[in-house]
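Chains as they are written, first to last, in the numbering used here: chain A, 1 to 435; chain B, 1 to 252.
A portion of the hints provided could be inaccurate.
Taking CB as the label site, the calculated pair distances span [as the list claims (entries may be wrong)]: (1) GLY27/B x LEU395/A: 31 to 37 Å; (2) GLU3/B x THR376/A: 29 to 35 Å; (3) SER59/B x LEU395/A: 23 to 29 Å; (4) PHE365/A x GLU125/B: 45 to 51 Å; (5) ARG425/A x SER59/B: 55 to 61 Å; (6) HIS428/A x GLU71/B: 24 to 30 Å; (7) THR376/A x ALA109/B: 33 to 39 Å; (8) THR56/B x ARG321/A: 58 to 64 Å.
Note that these hints are calculated values from the structure, not bench results.
Backbone N, C-alpha and C fix where the C-beta goes; we use that ideal spot for every residue, glycine too.
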Amino acid sequence: MSAPFAEAFATFAANGGGKPDWLAPVRQRAFARFAEVGIPTTRDEEWRFTPVAPLSEHSFAPVSAAARPLAAAELTPFIFGHAEWPMLVFVDGRYRAELSVRPDLAAGVTLGSVADAVARDHPLVREHLGRYAGPEATPFTALNLAFVRDGALLHVPAGVTLQQPVHALFVATGDTTDAAAHPRNLILVDAGARASFIESYVALAPEARYLTNTVTEMVLGPQAWMEHSRIQRESESAFHMGFTQVDQARDSHYRSFTLAMGGAIARHNLHVQMNDSNVESLLYGLYLGRGTQLVDNHTAIFHDHPHCHSWEVYKGILDDRSRAVFNGKVFVKPEAQKTDAKQTNRTLLLSDGARVDTKPQLEIFADDVKCTHGATVGQLDELPLFYARSRGIPLDAARTLLTWAFAAEVIDEVVVAPVREELGRLVHSRLTEGA
Amino acid sequence: MLEIKELRAGVEGTEILKGIDLTVRPGEVHAVMGPNGSGKSTLAQVLAGHPAYEVTGGSISFLGEDLLEMEPEERARAGIFLAFQYPVEIPGVTNAYFLRAAYNELRKARGEEEIDPIDFIDLLEEKLKIVKWEPEIMQRAVNSGFSGGEKKRNEILQMAVLEPKLAVLDETDSGLDIDALRIVADGVNALRREDRSVILVTHYQRLLNYIVPDQVHVLAGGRIVRSGGKELAHELEARGYEWITGAVEAVA
Numbered sequence: 001m002s003a004p005f006a007e008a009f010a011t012f013a014a015n016g017g018g019k020p021d022w023l024a025p026v027r028q029r030a031f032a033r034f035a036e037v038g039i040p041t042t043r044d045e046e047w048r049f050t051p052v053a054p055l056s057e058h059s060f061a062p063v064s065a066a067a068r069p070l071a072a073a074e075l076t077p078f079i080f081g082h083a084e085w086p087m088l089v090f091v092d093g094r095y096r097a098e099l100s101v102r103p104d105l106a107a108g109v110t111l112g113s114v115a116d117a118v119a120r121d122h123p124l125v126r127e128h129l130g131r132y133a134g135p136e137a138t139p140f141t142a143l144n145l146a147f148v149r150d151g152a153l154l155h156v157p158a159g160v161t162l163q164q165p166v167h168a169l170f171v172a173t174g175d176t177t178d179a180a181a182h183p184r185n186l187i188l189v190d191a192g193a194r195a196s197f198i199e200s201y202v203a204l205a206p207e208a209r210y211l212t213n214t215v216t217e218m219v220l221g222p223q224a225w226m227e228h229s230r231i232q233r234e235s236e237s238a239f240h241m242g243f244t245q246v247d248q249a250r251d252s253h254y255r256s257f258t259l260a261m262g263g264a265i266a267r268h269n270l271h272v273q274m275n276d277s278n279v280e281s282l283l284y285g286l287y288l289g290r291g292t293q294l295v296d297n298h299t300a301i302f303h304d305h306p307h308c309h310s311w312e313v314y315k316g317i318l319d320d321r322s323r324a325v326f327n328g329k330v331f332v333k334p335e336a337q338k339t340d341a342k343q344t345n346r347t348l349l350l351s352d353g354a355r356v357d358t359k360p361q362l363e364i365f366a367d368d369v370k371c372t373h374g375a376t377v378g379q380l381d382e383l384p385l386f387y388a389r390s391r392g393i394p395l396d397a398a399r400t401l402l403t404w405a406f407a408a409e410v411i412d413e414v415v416v417a418p419v420r421e422e423l424g425r426l427v428h429s430r431l432t433e434g435a
Numbered sequence: 001m002l003e004i005k006e007l008r009a010g011v012e013g014t015e016i017l018k019g020i021d022l023t024v025r026p027g028e029v030h031a032v033m034g035p036n037g038s039g040k041s042t043l044a045q046v047l048a049g050h051p052a053y054e055v056t057g058g059s060i061s062f063l064g065e066d067l068l069e070m071e072p073e074e075r076a077r078a079g080i081f082l083a084f085q086y087p088v089e090i091p092g093v094t095n096a097y098f099l100r101a102a103y104n105e106l107r108k109a110r111g112e113e114e115i116d117p118i119d120f121i122d123l124l125e126e127k128l129k130i131v132k133w134e135p136e137i138m139q140r141a142v143n144s145g146f147s148g149g150e151k152k153r154n155e156i157l158q159m160a161v162l163e164p165k166l167a168v169l170d171e172t173d174s175g176l177d178i179d180a181l182r183i184v185a186d187g188v189n190a191l192r193r194e195d196r197s198v199i200l201v202t203h204y205q206r207l208l209n210y211i212v213p214d215q216v217h218v219l220a221g222g223r224i225v226r227s228g229g230k231e232l233a234h235e236l237e238a239r240g241y242e243w244i245t246g247a248v249e250a251v252a
């Protein structure tokens, strides 16, 4: 059998990737599932506008040799916030303690790498890993679980407020061509606990070709509060497949911000499962495309219970011949009365060659609900342009200003100020780069 | 300062201004009045260079330069400021950021360095007094969610910061309550100088109780049908536009 990734999996399983004993069959089953479904084609509705066939043209495999030492300075461009923020650094998919920051945290908080937890047979890992985003979710969650080895592990016990955000930084070195990393993050926030989690995906070599196939499983207990920021700025030759599964208990509050600006082909699925009533989920997203980048965001919100509120705003700015895909699913079960769900997708096309395929997909089976959606695609409005010019701002600068304003409106929703400022800095510098 | 000759302009092939002649000297305040649809706002927009309006004839000279050859941003840098009838909302950009960007563009055009952000805050504090505003307003997005009165005040604030040579106020008084009207009028009066001219485009005489014009022009059917001193505004208030426009139609 010469299925894609088969050889890599055989090597991985043979050289220690198979341990510990309980995990080996989990990986085997996951790989069997992946081999069965294979890499999706554009005939698959879920992948209609996102041709990931190029993934099978390369032999993406985990890096086996230990990566070279990195100087802390190499990471400087990717670090923000405060020096005392906990930070877990992963290089080509493997945790690097010497680059990470592990301050003392509140009593009972667990923070570390999945690999360490697996090695110590930590009960949290055994209980939760792979339970929420299993092999059936997508072909890539299956592939991720087959190669699962490392990632961020965070557990905030009941009632604890984590004062500092936790930053998980995934660095691709590009030292090995066609390296694959399959990180899986496990984030557990128990009843009444509050935390903020940031995951960033960055590249040391801006032209490197590699695969990041990442999964984040997040479980929020009753009345938990979480702000989750996801910063995807891979190399523009890389492939990024991401899947985030969020499970929410009663009265919990989840807010996410997804920035996607890297990758040749980048896909992120964000699935929010409302497991009880009075859940609130706020999903904000911003995607930037240039050159021939393809950036795909799929979101799915499962309103399974009454009195839940979801609010979603995804915006995109596409230049050159870049493409974007947005698919927003909202499922409202018959018992989910008093659901309040609003979805907005707006894409700004800066060039004639750019395009977006946007599809809201609301399936509502309850009758007493308030569900709306709207999608717009267009160029900058003439009137604000004239207004800015009438104040002396030249046309090009006015365009940049208004494009920035379009992005800033959604960035402003981020609560943790240093994260908001970093997002603003990243987007602003990207928008002014081409100018 | 400004010399408009035989100006013809329109939008989407419809001629609205049908030959306007108007001369404004330094330090003068001119009121341009007229009924709805007379072309008042078109004149204001054409002066600022709104791209939707097409100039089909005539000329505009501003400080000796051909205004019609200039882009909107060049006109602003030359010293023209239009206070919009409907100020535009720009969500995502703070008032402070926008105004500093504009201010710096004007400085650059004069060959000056960009202003130090701290100095700009000081400058703003001074200018905010003119419109009786607290600095908090500067952290809100430009006109976004502003009331009608706040938007008009914001235009006056921008004018105060940008210090134009010619300010064109397009129905800045419309929709204002008496307190807001007074703030706007005081703001304009505070900026009056010997070398700064103002064109007030208005439908009502009310504003002219607070900003006393040197000349009043009545626009009807795309032409200036009568010009006079400030007493012309009072007469219009008393007798209505029909008094003049009807007479013109009768003659025509």
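Hint check results:
Between GLY27/B and LEU395/A the CB atoms are about 32 Å apart, so this pair conforms to the stated range of 31 to 37 Å. In this structure the hint that GLU3/B and THR376/A lie 29 to 35 Å apart at CB is violated, the actual value being about 44 Å. Roughly 24 Å separates the CB atoms of SER59/B and LEU395/A, a value that falls within the hinted 23 to 29 Å. The given range of 45 to 51 Å is broken by PHE365/A and GLU125/B, whose C-beta atoms sit roughly 57 Å from each other.
Here the CB-CB span from ARG425/A to SER59/B is close to 47 Å, at odds with the stated 55 to 61 Å. The hinted range of 24 to 30 Å is satisfied by HIS428/A and GLU71/B, whose Cβ atoms lie roughly 25 Å apart. Separated by about 35 Å at the C-beta atoms, THR376/A and ALA109/B satisfy the suggested range of 33 to 39 Å. Between THR56/B and ARG321/A the beta carbon distance is about 39 Å. The supplied range of 58 to 64 Å is therefore violated.
When the structure is compared with the earlier hints, violations turn up for hints 2, 4, 5 and 8 and for no others.
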